[in-house]
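Student: Between the sequences and the hints, there should be enough to build the whole structure, so can you do that?
There are 6 protein chains.
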Amino acid sequence: MTHPISRYPIPDLKDVPADVRERILAVQEKAGFVPNVFLVLSHRPEEFRAFFAYHDALMEKKEGLTKAEREMIVVATSGANNCLYCVVAHGAILRVRAKNPIVADQVATNYRKADITPRQMAMLDLAMKVALRSHEVGEADLDAARKAGWNDEEIWDIGAIAAFFAMSNRLANLTSMRPNEEFHLLGRVEAPARK
Amino acid sequence: MTHPISRYPIPDLKDVPADVRERILAVQEKAGFVPNVFLVLSHRPEEFRAFFAYHDALMEKKEGLTKAEREMIVVATSGANNCLYCVVAHGAILRVRAKNPIVADQVATNYRKADITPRQMAMLDLAMKVALRSHEVGEADLDAARKAGWNDEEIWDIGAIAAFFAMSNRLANLTSMRPNEEFHLLGRVEAPARK
Amino acid sequence: MTHPISRYPIPDLKDVPADVRERILAVQEKAGFVPNVFLVLSHRPEEFRAFFAYHDALMEKKEGLTKAEREMIVVATSGANNCLYCVVAHGAILRVRAKNPIVADQVATNYRKADITPRQMAMLDLAMKVALRSHEVGEADLDAARKAGWNDEEIWDIGAIAAFFAMSNRLANLTSMRPNEEFHLLGRVEAPARK
Amino acid sequence: MTHPISRYPIPDLKDVPADVRERILAVQEKAGFVPNVFLVLSHRPEEFRAFFAYHDALMEKKEGLTKAEREMIVVATSGANNCLYCVVAHGAILRVRAKNPIVADQVATNYRKADITPRQMAMLDLAMKVALRSHEVGEADLDAARKAGWNDEEIWDIGAIAAFFAMSNRLANLTSMRPNEEFHLLGRVEAPARK
Amino acid sequence: MTHPISRYPIPDLKDVPADVRERILAVQEKAGFVPNVFLVLSHRPEEFRAFFAYHDALMEKKEGLTKAEREMIVVATSGANNCLYCVVAHGAILRVRAKNPIVADQVATNYRKADITPRQMAMLDLAMKVALRSHEVGEADLDAARKAGWNDEEIWDIGAIAAFFAMSNRLANLTSMRPNEEFHLLGRVEAPARK
Amino acid sequence: MTHPISRYPIPDLKDVPADVRERILAVQEKAGFVPNVFLVLSHRPEEFRAFFAYHDALMEKKEGLTKAEREMIVVATSGANNCLYCVVAHGAILRVRAKNPIVADQVATNYRKADITPRQMAMLDLAMKVALRSHEVGEADLDAARKAGWNDEEIWDIGAIAAFFAMSNRLANLTSMRPNEEFHLLGRVEAPARK
Numbered sequence: 001m002t003h004p005i006s007r008y009p010i011p012d013l014k015d016v017p018a019d020v021r022e023r024i025l026a027v028q029e030k031a032g033f034v035p036n037v038f039l040v041l042s043h044r045p046e047e048f049r050a051f052f053a054y055h056d057a058l059m060e061k062k063e064g065l066t067k068a069e070r071e072m073i074v075v076a077t078s079g080a081n082n083c084l085y086c087v088v089a090h091g092a093i094l095r096v097r098a099k100n101p102i103v104a105d106q107v108a109t110n111y112r113k114a115d116i117t118p119r120q121m122a123m124l125d126l127a128m129k130v131a132l133r134s135h136e137v138g139e140a141d142l143d144a145a146r147k148a149g150w151n152d153e154e155i156w157d158i159g160a161i162a163a164f165f166a167m168s169n170r171l172a173n174l175t176s177m178r179p180n181e182e183f184h185l186l187g188r189v190e191a192p193a194r195k
Numbered sequence: 001m002t003h004p005i006s007r008y009p010i011p012d013l014k015d016v017p018a019d020v021r022e023r024i025l026a027v028q029e030k031a032g033f034v035p036n037v038f039l040v041l042s043h044r045p046e047e048f049r050a051f052f053a054y055h056d057a058l059m060e061k062k063e064g065l066t067k068a069e070r071e072m073i074v075v076a077t078s079g080a081n082n083c084l085y086c087v088v089a090h091g092a093i094l095r096v097r098a099k100n101p102i103v104a105d106q107v108a109t110n111y112r113k114a115d116i117t118p119r120q121m122a123m124l125d126l127a128m129k130v131a132l133r134s135h136e137v138g139e140a141d142l143d144a145a146r147k148a149g150w151n152d153e154e155i156w157d158i159g160a161i162a163a164f165f166a167m168s169n170r171l172a173n174l175t176s177m178r179p180n181e182e183f184h185l186l187g188r189v190e191a192p193a194r195k
Numbered sequence: 001m002t003h004p005i006s007r008y009p010i011p012d013l014k015d016v017p018a019d020v021r022e023r024i025l026a027v028q029e030k031a032g033f034v035p036n037v038f039l040v041l042s043h044r045p046e047e048f049r050a051f052f053a054y055h056d057a058l059m060e061k062k063e064g065l066t067k068a069e070r071e072m073i074v075v076a077t078s079g080a081n082n083c084l085y086c087v088v089a090h091g092a093i094l095r096v097r098a099k100n101p102i103v104a105d106q107v108a109t110n111y112r113k114a115d116i117t118p119r120q121m122a123m124l125d126l127a128m129k130v131a132l133r134s135h136e137v138g139e140a141d142l143d144a145a146r147k148a149g150w151n152d153e154e155i156w157d158i159g160a161i162a163a164f165f166a167m168s169n170r171l172a173n174l175t176s177m178r179p180n181e182e183f184h185l186l187g188r189v190e191a192p193a194r195k
Numbered sequence: 001m002t003h004p005i006s007r008y009p010i011p012d013l014k015d016v017p018a019d020v021r022e023r024i025l026a027v028q029e030k031a032g033f034v035p036n037v038f039l040v041l042s043h044r045p046e047e048f049r050a051f052f053a054y055h056d057a058l059m060e061k062k063e064g065l066t067k068a069e070r071e072m073i074v075v076a077t078s079g080a081n082n083c084l085y086c087v088v089a090h091g092a093i094l095r096v097r098a099k100n101p102i103v104a105d106q107v108a109t110n111y112r113k114a115d116i117t118p119r120q121m122a123m124l125d126l127a128m129k130v131a132l133r134s135h136e137v138g139e140a141d142l143d144a145a146r147k148a149g150w151n152d153e154e155i156w157d158i159g160a161i162a163a164f165f166a167m168s169n170r171l172a173n174l175t176s177m178r179p180n181e182e183f184h185l186l187g188r189v190e191a192p193a194r195k
Numbered sequence: 001m002t003h004p005i006s007r008y009p010i011p012d013l014k015d016v017p018a019d020v021r022e023r024i025l026a027v028q029e030k031a032g033f034v035p036n037v038f039l040v041l042s043h044r045p046e047e048f049r050a051f052f053a054y055h056d057a058l059m060e061k062k063e064g065l066t067k068a069e070r071e072m073i074v075v076a077t078s079g080a081n082n083c084l085y086c087v088v089a090h091g092a093i094l095r096v097r098a099k100n101p102i103v104a105d106q107v108a109t110n111y112r113k114a115d116i117t118p119r120q121m122a123m124l125d126l127a128m129k130v131a132l133r134s135h136e137v138g139e140a141d142l143d144a145a146r147k148a149g150w151n152d153e154e155i156w157d158i159g160a161i162a163a164f165f166a167m168s169n170r171l172a173n174l175t176s177m178r179p180n181e182e183f184h185l186l187g188r189v190e191a192p193a194r195k
Numbered sequence: 001m002t003h004p005i006s007r008y009p010i011p012d013l014k015d016v017p018a019d020v021r022e023r024i025l026a027v028q029e030k031a032g033f034v035p036n037v038f039l040v041l042s043h044r045p046e047e048f049r050a051f052f053a054y055h056d057a058l059m060e061k062k063e064g065l066t067k068a069e070r071e072m073i074v075v076a077t078s079g080a081n082n083c084l085y086c087v088v089a090h091g092a093i094l095r096v097r098a099k100n101p102i103v104a105d106q107v108a109t110n111y112r113k114a115d116i117t118p119r120q121m122a123m124l125d126l127a128m129k130v131a132l133r134s135h136e137v138g139e140a141d142l143d144a145a146r147k148a149g150w151n152d153e154e155i156w157d158i159g160a161i162a163a164f165f166a167m168s169n170r171l172a173n174l175t176s177m178r179p180n181e182e183f184h185l186l187g188r189v190e191a192p193a194r195k
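Chains as they are written, first to last, in the working numbering: chain A, 1 to 195; chain B, 1 to 195; chain C, 1 to 195; chain D, 1 to 195; chain E, 1 to 195; chain F, 1 to 195.
Certain hints may be false.
Since the list can't tell identical chains apart, any single copy or any two copies may satisfy a pair.
To be verified - Cut-off 20 Å, straight-line C-alpha distance, at most; resulting in silico cross-link-like pairs (SDA-like, lysine to any residue):
{"no.": "1", "residue 1": "K99", "residue 2": "E182"}
{"no.": "2", "residue 1": "K62", "residue 2": "H43"}
{"no.": "3", "residue 1": "K30", "residue 2": "D19"}
{"no.": "4", "residue 1": "K99", "residue 2": "R188"}
{"no.": "5", "residue 1": "K99", "residue 2": "H184"}
{"no.": "6", "residue 1": "K61", "residue 2": "R49"}
{"no.": "7", "residue 1": "K62", "residue 2": "L25"}
{"no.": "8", "residue 1": "K99", "residue 2": "T2"}
{"no.": "9", "residue 1": "K99", "residue 2": "V189"}
{"no.": "10", "residue 1": "K99", "residue 2": "L185"}
{"no.": "11", "residue 1": "K30", "residue 2": "D15"}
{"no.": "12", "residue 1": "K67", "residue 2": "E46"}
{"no.": "13", "residue 1": "K61", "residue 2": "A26"}
{"no.": "14", "residue 1": "K61", "residue 2": "P45"}
{"no.": "15", "residue 1": "K67", "residue 2": "D152"}
{"no.": "16", "residue 1": "K14", "residue 2": "F33"}
{"no.": "17", "residue 1": "K62", "residue 2": "E46"}
Calculated from the structure, these hints are not laboratory results.
Tutor: Okay, structure coming up:
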């Protein structure tokens with residue numbers, strides 16, 4: 001009854017283009033295992049490259065939102081989109097980045113109950129509206145975020161992360177992408193495996 | 001930023017009726033801590049008694065569904081209702097009962113992706129329809145469950161558990177019931193704290 | 001084309017446990033007939049006991065909301081959940097308790113159009129949110145109820161009644177529980193049959 | 001707390017155009033009272049004329065659906081649209097036309113539980129889809145109705161009645177049209193007041 | 001793969017009642033072609049008459065809303081109801097009436113992004129609520145429209161047009177009414193074919 | 001009342017990185033104007049690069065779906081997401097690619113009514129489910145697409161395009177991206193301006 005990691009074939013590492021392979025080996029070196037999203041998307045190298053370039057532009061950025069805040073957006077919107085891969089994998093990253101073993105479960109299930117700041121709550125209010133009813137986003141929504149202390153470049157980041165994972169959640173649901181078992185525990189106990 | 005365990009006051013254990021106190025002490029003895037639902041509902045002893053009598057009638061029953069299957073229903077429908085307390089607390093119990101550290105995360109986020117049997121999938125299909133669109137439940141839904149191997153008494157249990165947690169989720173959301181931190185880790189590592 | 005009163009068997013009165021039988025006979029004595037919910041649930045005595053203990057704790061309470069107000073919550077939320085049994089049976093009880101032959105039809109179809117007080121309207125606003133989107137209930141909702149004159153214990157009652165009938169509606173829809181024909185007319189004409 | 005019959009002014013009968021007045025007097029003669037929809041729409045004589053011409057073309061037609069079946073469509077779709085006026089007024093007409101004191105309450109709350117024929121159930125399945133998701137109506141829906149015994153002209157009637165009351169429900173909700181108290185009881189007791 | 005103009009037969013012009021034929025010839029004379037709605041509804045002459053009498057009462061009225069504003073309501077609500085005929089046909093009329101080649105595409109897709117006045121935006125806010133959630137329309141919605149400069153008779157028009165096209169959209173979806181190809185281009189280029 | 005092309009500043013062409021500028025000049029050369037999405041995203045060069053790399057991987061691919069079919073997916077899902085920019089801009093591209101002046105209006109409003117093949121209809125059924133309820137996509141959906149003649153690599157494309165524009169629609173709604181006026185007419189008249 002254990003599901004495979006993708007509905008699609010996973011190529012042998014030796015058969016993927018060198019840059020894709022290097023990225024995969026680098027993440028393995030850093031995390032201790034290869035998150036399945038790298039393997040699943042390696043079936044399409046060109047899309048793999050664009051996906052991770054986009055991902056890094058939004059998630060590895062240094063200014064503005066902290067990395068934990070970026071992951072909160074991923075976890076909250078992925079929960080709303082019922083995306084198993086992203087809730088579990090980014091839930092783990094959120095725990096590690098926030099050094100908080102319970103916040104990911106809170107944000108994934110109902111961010112309104114999470115132990116976060118009012119500013120982060122306003123961030124998630126906006127992100128969830130972009131995720132679920134983006135056509136209704138208007139100046140009032142942006143003003144609420146501004147009032148909570150976010151500037152317009154940060155607001156772009158909030159919305160763009162919600163948008164990027166709207167795509168990512170749909171790809172994961174389409175391919176039935178399975179999270180690595182390591183993610184379920186990562187960041188829940190004292191010495192996380194991740195550096 | 002840490003939320004209290006309830007919007008309502010929690011009575012001192014010495015001030016609650018003896019039978020309520022005994023139940024609380026018994027669960028503490030067994031689990032090693034007092035799940036917050038016992039404390040939150042002790043604010044209303046009469047409702048406390050009826051709640052746990054109903055809970056036990058549905059969740060402690062020996063025939064038919066296994067205890068793990070009963071918890072799967074709780075976790076799947078509580079995820080759909082965005083109930084933090086029930087997803088986290090019953091997620092832990094599901095992990096313990098199923099001796100499976102990852103199934104609760106799967107069921108809570110998207111049961112269609114869970115490592116469960118087709119019979120359990122049919123059980124959750126019915127439970128989710130009772131939880132979300134019970135007025136549309138008809139003979140076709142019952143027939144699908146029967147075809148997957150469930151008899152009519154088991155179907156009552158499936159529906160009744162979904163119904164009971166429709167109530168429970170709403171009470172938890174109303175009182176803003178906070179799950180004990182212990183639950184987040186319980187059943188995820190090899191030797192669970194629970195006897 | 002007349003539907004039976006339940007999808008499940010109804011036990012003979014002589015075969016049910018004594019306490020269940022006594023409760024059934026008592027309600028028959030008082031109402032002049034046995035509301036079908038008693039018969040349908042007598043198929044499961046343990047659940048019967050817990051159900052009515054919970055029901056009575058919430059619906060027979062003397063302080064706070066009037067009995068008519070409690071029934072308004074039942075009728076409004078059962079209408080939203082398309083539960084035939086509860087709309088018809090509790091609609092009758094509401095007419096009797098409120099001594100008002102039309103308010104139940106109003107509340108069941110669209111409570112916003114009902115001839116009720118602004119305080120009762122605020123009560124139903126909160127009850128409907130608990131019934132339909134409990135995960136979004138927040139301090140603003142409670143403040144709106146408080147501003148309309150409800151205290152926090154009354155707010156618990158409002159939410160708990162909505163929650164209990166979230167369960168009850170699902171049980172009635174699952175079992176396809178049929179309201180007694182008597183309920184359709186009860187309280188609509190000058191001398192209601194009920195004492 | 002009693003709501004007026006309309007948000008808009010009701011003209012004096014002597015001030016409305018003769019044909020409108022005659023229609024109002026005729027219905028009063030026949031029913032014993034003037035249903036409020038005639039008074040509310042007399043504020044706009046031109047719309048009044050078109051409304052009732054359309055209404056009569058669909059509801060007074062002799063071939064195909066019985067008059068009771070036409071009213072079933074009105075009551076089911078008006079329940080789904082939460083239109084108090086139409087549920088109560090057409091519920092009364094349905095009781096009278098079907099000579100059945102309880103079918104209107106069934107159809108208004110959940111037509112799936114009503115004591116109607118499978119052919120009528122298929123009629124309401126189609127009507128509800130036209131009312132709620134008409135853009136998804138396709139050949140499969142028409143085929144289901146045909147299979148239940150409806151011909152294509154009858155299918156037009158089913159859909160057109162659902163469509164007309166989609167309009168009517170919205171007008172009643174906009175004007176906050178109040179049903180006459182007479183309707184609540186009409187057709188529930190043995191000798192209905194209507195000829 | 002080209003769809004017919006209706007699921008139902010279109011009568012020969014010589015076979016329809018004289019008044020219906022005259023109306024059809026008049027519109028052909030004026031527009032240069034016969035919009036398919038006239039042909040599709042001529043299958044039911046009595047309904048044809050009521051439909052266009054109602055249509056004209058709402059859409060040809062001189063006071064209050066401009067003709068372009070009336071068409072904006074049609075296009076916005078028809079977009080929300082996914083009605084191909086009305087979006088395309090009334091989109092064309094809106095372009096002609098507003099002398100604006102792009103506003104119909106804006107209003108049909110997301111009126112919040114349209115180049116319209118705040119007063120027109122408030123008009124569409126109300127019309128969309130009547131179209132989609134009329135049971136929730138309350139004094140606060142009317143007050144918002146009044147604050148934007150609409151009087152109560154204009155508000156009736158706004159709501160009545162939304163209601164009429166709730167019907168019209170459902171009829172068009174039921175009959176699978178196909179817009180004339182002429183409409184797609186009408187009003188987009190400098191010298192519209194329409195006089 | 002004319003909206004700007006973005007809520008965010010548009011950099012001077014001379015201030016953007018050379019590769020971004022070259023891409024913009026190339027599209028201008030080819031199309032005769034610069035589609036606003038290039039200008040709006042040039043505010044964020046790194047995201048611009050990833051966005052168009054991803055876009056090209058999915059939309060410029062030669063095997064499998066035709067370019068017109070790829071645009072159908074964009075237009076249908078963007079209509080469902082109420083994204084003005086994508087409906088108008090990709091509607092134009094669809095008209096040009098399909099050499100069909102009306103299909104984009106059909107697909108944007110209700111693809112079920114479009115003049116497309118059954119195979120394309122199955123393609124859009126799947127794309128819309130990925131766009132709107134991706135967590136429910138299962139083997140039955142893939143089988144329906146396969147039965148209509150799509151292979152698994154084409155199914156990835158269908159889903160990935162729906163997913164990419166789930167992101168794109170949200171970015172456009174967040175930035176309030178305005179379509180160039182040229183798009184509204186492009187491909188509607190005989191000699192489209194596009195080469």
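Student: Are the hints correct? Go through all of them and say.
Tutor: Hint-by-hint comparison with the structure:
| no. | hint | in the structure |
| --- | --- | --- |
| 1 | K99 <-> E182 | both (17 Å within a copy, 17 Å between copies) |
| 2 | K62 <-> H43 | between (30 Å within a copy, 17 Å between copies) |
| 3 | K30 <-> D19 | within (17 Å within a copy, 31 Å between copies) |
| 4 | K99 <-> R188 | both (9 Å within a copy, 18 Å between copies) |
| 5 | K99 <-> H184 | both (15 Å within a copy, 15 Å between copies) |
| 6 | K61 <-> R49 | both (18 Å within a copy, 15 Å between copies) |
| 7 | K62 <-> L25 | neither (24 Å within a copy, 31 Å between copies) |
| 8 | K99 <-> T2 | between (31 Å within a copy, 15 Å between copies) |
| 9 | K99 <-> V189 | both (10 Å within a copy, 19 Å between copies) |
| 10 | K99 <-> L185 | both (13 Å within a copy, 15 Å between copies) |
| 11 | K30 <-> D15 | neither (22 Å within a copy, 36 Å between copies) |
| 12 | K67 <-> E46 | between (26 Å within a copy, 18 Å between copies) |
| 13 | K61 <-> A26 | within (19 Å within a copy, 29 Å between copies) |
| 14 | K61 <-> P45 | between (23 Å within a copy, 13 Å between copies) |
| 15 | K67 <-> D152 | within (18 Å within a copy, 36 Å between copies) |
| 16 | K14 <-> F33 | within (17 Å within a copy, 44 Å between copies) |
| 17 | K62 <-> E46 | between (26 Å within a copy, 14 Å between copies) |
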